[in-house]
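Q: This is what each chain is made of:
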Amino acid sequence: MSKKQRKNPLSLKLDRRNFLKGSALGLAASALPLENADASFIEAFFQKHFREMNKKEIQEVLNRLEKEYSEQYKKHVTVKATKAMPGVQFGYGLDLSRCIGCRRCVYACIGENNQSRDPQIPWIQVLSFRKGDKWTDLEEADKYYNPATVPEPEHWYMPVQCQQCRHPACTRACPTQATWKEPDGIVVVDYNWCIGCRYCMAACPYGARHFNWGEPHIPDDELNPVTHYLGNRPRYKGVVEKCTFCIQRTREGRYPACVEICPVGARKFGNLLDPSSEIRYCIENKRVFRLKEELNTQPKFYYFYAT
Amino acid sequence: MIRNFFKAMKQILIGDRNYYLWIAFLSFFVIAGMAAYAEQIHDGLIVTAMRDPVSWGLYISNFTYLVGVAAAAVVLVVPAYIYNFKAIKEITLLGEMLAVTAVILCILFVMVDMGHPERLWHLLPFVGAMNFPSSLLAWDVIVLSGYLFINATIVLYVLYKLSLGKEYNLQFIKPLIILSIPWAVGIHTVTAFLYNGLPSRPFWNASILAPRFLASAFCSGPALMLILFQIIRKVSRIEVKDKAIFKIAELIAYAMCINLFLEIAELFKEFYSGTVDVASIQYLYFGLKGNNGLVPWIWWATILNVIALILFLNPKTRENMLTLNAGCVFIIIGIYIEKGMGLVIPGFVPGTLGEIYNYSPTHIEILITVGIWAFGALLYTLMLKFAIPIYTGQLRFSSTKKTDGEKTSSVDLEPIAE
Ligand code: SF4
Ligand code: SF4
Chain E
44 MSKKQRKNPL SLKLDRRNFL KGSALGLAAS ALPLENADAS FIEAFFQKHF
94 REMNKKEIQE VLNRLEKEYS EQYKKHVTVK ATKAMPGVQF GYGLDLSRCI
144 GCRRCVYACI GENNQSRDPQ IPWIQVLSFR KGDKWTDLEE ADKYYNPATV
194 PEPEHWYMPV QCQQCRHPAC TRACPTQATW KEPDGIVVVD YNWCIGCRYC
244 MAACPYGARH FNWGEPHIPD DELNPVTHYL GNRPRYKGVV EKCTFCIQRT
294 REGRYPACVE ICPVGARKFG NLLDPSSEIR YCIENKRVFR LKEELNTQPK
344 FYYFYAT
Chain Z
3 MIRNFFKAMK QILIGDRNYY LWIAFLSFFV IAGMAAYAEQ IHDGLIVTAM
53 RDPVSWGLYI SNFTYLVGVA AAAVVLVVPA YIYNFKAIKE ITLLGEMLAV
103 TAVILCILFV MVDMGHPERL WHLLPFVGAM NFPSSLLAWD VIVLSGYLFI
153 NATIVLYVLY KLSLGKEYNL QFIKPLIILS IPWAVGIHTV TAFLYNGLPS
203 RPFWNASILA PRFLASAFCS GPALMLILFQ IIRKVSRIEV KDKAIFKIAE
253 LIAYAMCINL FLEIAELFKE FYSGTVDVAS IQYLYFGLKG NNGLVPWIWW
303 ATILNVIALI LFLNPKTREN MLTLNAGCVF IIIGIYIEKG MGLVIPGFVP
353 GTLGEIYNYS PTHIEILITV GIWAFGALLY TLMLKFAIPI YTGQLRFSST
403 KKTDGEKTSS VDLEPIAE
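So the sequence lines, in the order shown, correspond to chains E and Z. Oh and the first sequence: position 108 is 151 in the working numbering, straight run, nothing missing. Oh and the second sequence: position 231 is 233 in the working numbering, straight run, nothing missing.
Check before you lean on any hint, since a few could be wrong.
Claimed, not checked - With a straight-line cut-off of 30 angstroms between C-alpha atoms, the simulated DSSO-like cross-links for lysine-lysine are:
(1) E/K177 <-> Z/K291
(2) Z/K249 <-> Z/K12
(3) Z/K291 <-> E/K186
Unchecked claim - Example chain Z residues on the side facing chain E (calculated, C-beta under 8 angstroms, incomplete):
(4) D54
(5) G117
(6) H118
(7) L125
(8) G130
(9) M132
(10) A140
(11) K271
(12) A281
(13) Q284
(14) T325
Simulated from the structure, these hints should not be mistaken for lab results. Glycine is no exception: its CB is placed at the ideal position from the N, C-alpha and C atoms.
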């Protein structure tokens with residue numbers, strides 16, 4: 044015990060009377076500025092909710108973040124806040140008959156979206172089923188399979204990531220509106236507004252939300268410096284993050300990183316409102332299902348069998 | 003007024019050797035808890051055993067249990083004001099102070115569970131961006147703070163009046179008292195709905211959850227109070243009649259009957275229909291694929307609850323202090339397991355994608371939890387130390403108007419009889 048107290052001089056300063064006065068909030072508030080002694084801590088502390096900021100305020104925040112990240116990762120980092128394009132609802136398709144479980148998408152996603160390498164926080168999880176297993180009985184699925192080659196015989200694979208629900212359980216649960224659905228249907232998190240209560244994690248039926256239990260670590264040279272405020276900018280410890288359909292790419296007309304990398308073309312992406320899009324073709328012409336439809340979250344993530 | 007307050011405050015510094023030892027004992031755990039919390043703030047919640055598949059653990063379990071204590075404390079004692087049930091009336095204030103303490107502990111447990119406690123203000127209406135009425139957590143913030151406010155007001159008002167040697171004006175606080183009853187049910191219901199409203203977690207998404215919450219709260223809260231009352235009447239001048247204690251024990255017996263009945267209803271539904279959703283409850287009661295960390299706990303909880311029920315149903319054992327206290331302890335432990343870890347963890351196991359993660363709290367989590375409980379005990383002790391002399395009439399302030407209009411107060415404190 045005494046050893047631990049010596050390691051934390053902070054706690055020694057707080058005797059009982061102080062504790063009674065200050066309670067845990069005081070302790071937390073006094074502990075944090077000590078660690079991040081720079082002035083931007085104060086700015087970050089009083090930062091408004093993203094959706095309540097005007098253009099100028101957003102620009103100020105972006106500038107501050109760019110400076111912070113550039114210093115931290117010793118390279119030029121940009122933070123955009125590109126808005127949703129009108130007339131766009133993004134949708135995703137995944138061809139289960141093609142997926143071979145190679146998990147290239149998982150690693151492309153980690154690189155593109157600056158997920159922490161240590162501890163590792165993958166946004167995409169690829170479940171492996173033995174043929175004949177029913178996909179509703181998810182305990183039968185293997186998340187941590189590790190064969191020498193894929194696909195393993197007698198197996199099939201189901202990648203799961205944020206389903207970008209039309210009725211997201213996560214945004215309904217969040218007590219602070221730190222997460223919301225954008226006009227193009229992407230569910231995003233403001234990492235500067237999330238209080239880390241993790242109610243959204245309890246609410247999401249697809250295990251799509253991930254929490255930064257510790258300080259996220261990305262090697263400087265592996266950081267993707269092209270970032271979006273609501274997407275792949277580096278995260279803080281103690282906040283929730285999730286797949287954003289690569290908001291930094293797709294709002295500029297590009298494909299998500301996972302779509303681009305998939306070696307067998309199992310992944311489809313596009314604008315659901317555009318009748319000529321590939322995703323619309325798949326939905327209209329293939330055998331399609333969505334995960335856990337009985338929960339009525341109405342995912343915009345469609346699984347289908349092309350063959 | 004202010005001076006009087008400080009005079010009464012002094013009371014908490016005066017005590018015998020045992021009192022100081024007790025305070026020192028609790029302070030030790032509070033400080034240990036704070037040291038552990040400092041470490042958690044520094045390293046992040048990674049020092050806990052919680053991970054993505056099981057994202058709430060010991061802290062939220064304690065929170066859930068304590069909401070029950072807070073609710074039960076007031077629902078039990080408040081009717082005393084209204085119906086003037088003499089035997090219970092004497093202890094109303096003690097129950098309300100317990101409710102206040104329990105709510106404060108609830109708030110502390112939520113705080114230590116947060117990734118960013120300094121952003122707590124984001125949760126407030128107007129200054130932050132409270133997601134009301136959509137998020138049940140926002141509701142919980144509202145009902146819990148309202149409950150704290152109501153009970154603290156009643157306690158302070160009664161103490162203030164008594165300290166002046168006057169009888170308090172029942173008409174004045176009656177609306178508050180009446181309000182506090184549905185409100186107590188409310189905090190518990192809202193907390194149950196917090197879990198209940200998540201279709202992603204079939205274990206919680208059962209309509210029986212809220213009724214079960216209430217039934218178990220009416221067992222564990224009063225059981226805790228019975229133990230406290232007996233200690234208080236030993237060490238202070240407050241009289242708590244045996245009759246009142248036995249009456250409360252009887253109420254506990256009814257509540258436990260309902261609780262166990264609802265448990266059976268739940269078990270029947272899950273196991274007889276045997277859908278894939280049976281996995282969570284199977285994990286809790288029998289283990290899943292060799293993972294059975296919770297199994298002995300829940301069976302002990304059930305056994306303790308059943309023994310307590312038998313003890314409290316039989317008037318002979320109910321009115322024997324030894325078996326009565328044993329029953330109370332059994333219930334406190336039994337419900338603590340059942341409505342704590344036994345409720346929170348199976349909600350997460352198996353996870354939404356089927357993962358089975360075996361959660362067992364780290365020593366940091368345990369230290370922080372013990373620290374918060376010790377803080378609660380300390381707070382309650384100090385509140386009693388402050389309130390009891392006023393309540394029993396040992397401490398009185400008489401304010402008299404002097405001719406020159408100057409108000410003076412004099413304190414006359416009877417010597418404490420040992
Ligand atoms: S999949 Fe989960 S995180 Fe994604 S939108 Fe739906 S509820 Fe939210
Ligand atoms: S963890 Fe963050 S995003 Fe999730 S519910 Fe809490 S505040 Fe909202």
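Q: Against each hint, give a clear statement of whether it holds in the structure.
A: Hint by hint, here is what the structure shows:
{"no.": "1", "hint": "E/K177 <-> Z/K291", "in the structure": "17 angstroms, holds"}
{"no.": "2", "hint": "Z/K249 <-> Z/K12", "in the structure": "36 angstroms, violated"}
{"no.": "3", "hint": "Z/K291 <-> E/K186", "in the structure": "16 angstroms, holds"}
{"no.": "4", "hint": "D54", "in the structure": "6 angstroms, holds"}
{"no.": "5", "hint": "G117", "in the structure": "2 angstroms, holds"}
{"no.": "6", "hint": "H118", "in the structure": "5 angstroms, holds"}
{"no.": "7", "hint": "L125", "in the structure": "5 angstroms, holds"}
{"no.": "8", "hint": "G130", "in the structure": "6 angstroms, holds"}
{"no.": "9", "hint": "M132", "in the structure": "7 angstroms, holds"}
{"no.": "10", "hint": "A140", "in the structure": "5 angstroms, holds"}
{"no.": "11", "hint": "K271", "in the structure": "17 angstroms, violated"}
{"no.": "12", "hint": "A281", "in the structure": "6 angstroms, holds"}
{"no.": "13", "hint": "Q284", "in the structure": "10 angstroms, violated"}
{"no.": "14", "hint": "T325", "in the structure": "37 angstroms, violated"}
Checked against the numbered hints given earlier, the structure breaks hints 2, 11, 13 and 14 and satisfies all the rest.
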